[in-house]
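There are 2 protein chains.
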Amino acid sequence: MLTDALLLDRTPTVPGCAPARCQACKARGNSLCAAMGDGEISALHAIGRRRSLPAGQVFNWAGDQNNHCATVVEGMLKVTASTEDGREQIVGLLFPGDFVGELFEEDATLTVSTLCDTDLCTYPRAAFERTLEDHPRMERMLLRRTLAALGDARSRMLALGRRNAKERIAGFLLDLVERTGQPAGNGGVRIAIPISRGEMADYLGLTIETVSRQLSQLKASGILAFAKGDRGCTVLGEERLRAILNPA
Amino acid sequence: MLTDALLLDRTPTVPGCAPARCQACKARGNSLCAAMGDGEISALHAIGRRRSLPAGQVFNWAGDQNNHCATVVEGMLKVTASTEDGREQIVGLLFPGDFVGELFEEDATLTVSTLCDTDLCTYPRAAFERTLEDHPRMERMLLRRTLAALGDARSRMLALGRRNAKERIAGFLLDLVERTGQPAGNGGVRIAIPISRGEMADYLGLTIETVSRQLSQLKASGILAFAKGDRGCTVLGEERLRAILNPA
DNA sequence: GGGCGGCTTTGACACCAGTCAAATCCCCGT
DNA sequence: ACGGGGATTTGACTGGTGTCAAAGCCGCCC
Chain A
1 MLTDALLLDR TPTVPGCAPA RCQACKARGN SLCAAMGDGE ISALHAIGRR
51 RSLPAGQVFN WAGDQNNHCA TVVEGMLKVT ASTEDGREQI VGLLFPGDFV
101 GELFEEDATL TVSTLCDTDL CTYPRAAFER TLEDHPRMER MLLRRTLAAL
151 GDARSRMLAL GRRNAKERIA GFLLDLVERT GQPAGNGGVR IAIPISRGEM
201 ADYLGLTIET VSRQLSQLKA SGILAFAKGD RGCTVLGEER LRAILNPA
Chain B
249 MLTDALLLDR TPTVPGCAPA RCQACKARGN SLCAAMGDGE ISALHAIGRR
299 RSLPAGQVFN WAGDQNNHCA TVVEGMLKVT ASTEDGREQI VGLLFPGDFV
349 GELFEEDATL TVSTLCDTDL CTYPRAAFER TLEDHPRMER MLLRRTLAAL
399 GDARSRMLAL GRRNAKERIA GFLLDLVERT GQPAGNGGVR IAIPISRGEM
449 ADYLGLTIET VSRQLSQLKA SGILAFAKGD RGCTVLGEER LRAILNPA
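Chains A and B, in that order, give the protein sequences. Each residue of the first sequence is one higher than the one before, starting from 1 at the first, in this note's numbering. Each residue of the second sequence is one higher than the one before, starting from 249 at the first, in this note's numbering.
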């Protein structure tokens with residue numbers, strides 16, 4: 001298992017000097033690697049292997065052996081939980097720098113798949129866990145990320161359990177504004193909606209139709225304007241969205 | 249902040265020998281302390297302070313300064329997220345051995361309160377975080393717990409987003425069977441429902457009335473039998489509950 | 001350019017769970 | 001035993017969201 005990783009993509013490393021692949025990595029600044037010195041990072045590099053996946057590909061199926069984890073270098077993934085009869089809930093979205101995988105579990109309980117063409121730096125899980133033991137700073141970084149993910153999951157539990165459809169949509173759009181919003185000319189904010197209606201529905205615990213209807217209503221009330229031809233839109237009423245999310 | 253803890257409850261400690269309070273602690277076996285040797289544990293003991301809270305008391309309010317964390321020694325707590333207009337969602341339940349608190353956050357975003365009389369071993373958050381840095385084994389233990397909590401949160405997101413009322417109730421009862429179930433004479437399993445109908449509703453993202461109606465239906469169909477006088481009940485149809493949770 | 005197919009929108013309707021209200025149960029103190 | 005009060009149960013009704021169905025839109029390939 002480890003051999004694969006060692007045989008492939010072995011950049012010669014000089015102690016104290018980051019491997020070239022890592023130096024050039026777009027995700028290094030905000031991934032687990034960020035906290036590691038050049039010397040430390042070569043330990044990760046030694047077990048890591050680059051992998052590119054096209055859009056819509058599964059990285060790991062729920063129920064399969066949980067042999068790999070990864071860092072997102074570029075692109076996006078979704079983490080999905082499912083009922084036995086096939087209903088789906090997206091329980092997490094992953095962006096560049098995020099860690100991918102369920103550590104310390106023999107079998108995966110969640111399905112991870114790409115939302116667009118995605119580059120990963122993958123590690124055999126067992127080797128990654130061993131590396132973690134030798135690098136407390138990395139472990140600390142992972143702890144912080146895991147705590148952040150837990151906080152996120154909890155705020156989403158509030159949304160799924162207690163907010164209605166319009167509030168969930170408003171909250172999602174405001175999250176996008178925070179993550180990717182760019183000022184647009186007319187005082188609005190330009191955002192890219194990176195997922196399909198169906199994925200929004202799976203993320204928000206709604207149906208496609210409800211998502212579509214709510215977005216249409218926001219458009220009709222002048223809060224949103226949709227761009228032609230892409231998945232972008234402009235938020236014209238950020239404050240009104242906040243008022244929807246937090247009704248009096 | 250730290251002074252308080254040091255002044256109070258200072259059991260003399262011999263290096264390499266667990267403090268008496270910790271030796272006798274009911275939670276030691278399955279708390280963060282479990283992985284620590286007697287020598288290490290005195291570091292936690294030095295900053296820890298026992299605290300007893302009656303049922304229904306708030307340990308920490310969302311929005312308040314986040315100055316303390318703790319380990320549950322005995323009893324139960326709930327972790328609650330709220331919308332601005334007062335809707336509530338229980339995002340976690342805490343049992344003996346569990347860790348309490350949001351690390352690395354200046355202000356609390358969640359309210360933690362007791363479900364029954366509860367004993368805690370509390371630590372000033374800053375001191376706890378410093379101790380964590382010096383004790384990688386403890387940090388590793390906390391990482392594992394946090395990952396487990398995240399997995400739990402994600403399976404609850406699936407329930408809140410995609411399961412109907414009956415399925416959520418069935419899942420909750422099966423969780424109780426797994427946690428506290430004792431074989432009952434007639435082939436059933438005896439469980440204690442440790443929370444009120446209102447708290448079940450807040451946990452499951454339902455209303456009190458819906459919870460009550462669903463339980464009544466389960467009783468009517470012979471799957472559940474309620475005990476008189478306490479919150480206990482007997483699960484007579486565990487398999488039928490599983491069938492409800494996972495419909496074909 | 002035409003047509004196919006997937007994604008999205010819109011409409012009509014059903015139903016599950018929420019709301020409001022009242023009755024019942026039960027714990028507890030007097 | 002009696003009475004008060006909170007928790008729980010039950011009933012009647014409403015409404016939001018899901019379901020089913022059809023139409024529209026758009027990219028893409030032939």
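Worth double-checking, as some hints may not be accurate.
To be verified - Listed next, the in silico DSS-like pairs over lysine-lysine satisfying Cα-Cα at most 30 Å (straight line):
id : chain 1 : residue 1 : chain 2 : residue 2
1  : A       : LYS166    : B       : LYS476
2  : B       : LYS414    : A       : LYS78
3  : B       : LYS467    : B       : LYS414
No lab work stands behind these hints, which were simulated from the structure alone.
Right, here's what the structure says about each hint:
Between LYS166 (chain A) and LYS476 (chain B) the alpha-carbon distance is near 43 Å, which puts this suggested pair outside the 30 Å criterion. Restraint check for LYS414 (chain B) and LYS78 (chain A): the C-alpha separation of about 28 Å stays at or below 30 Å, so the hint holds. For the suggested pair LYS467 (chain B) and LYS414 (chain B), the alpha carbons sit about 13 Å apart, so the restraint of at most 30 Å is met.
The structure shown violates just one earlier hint, number 1.
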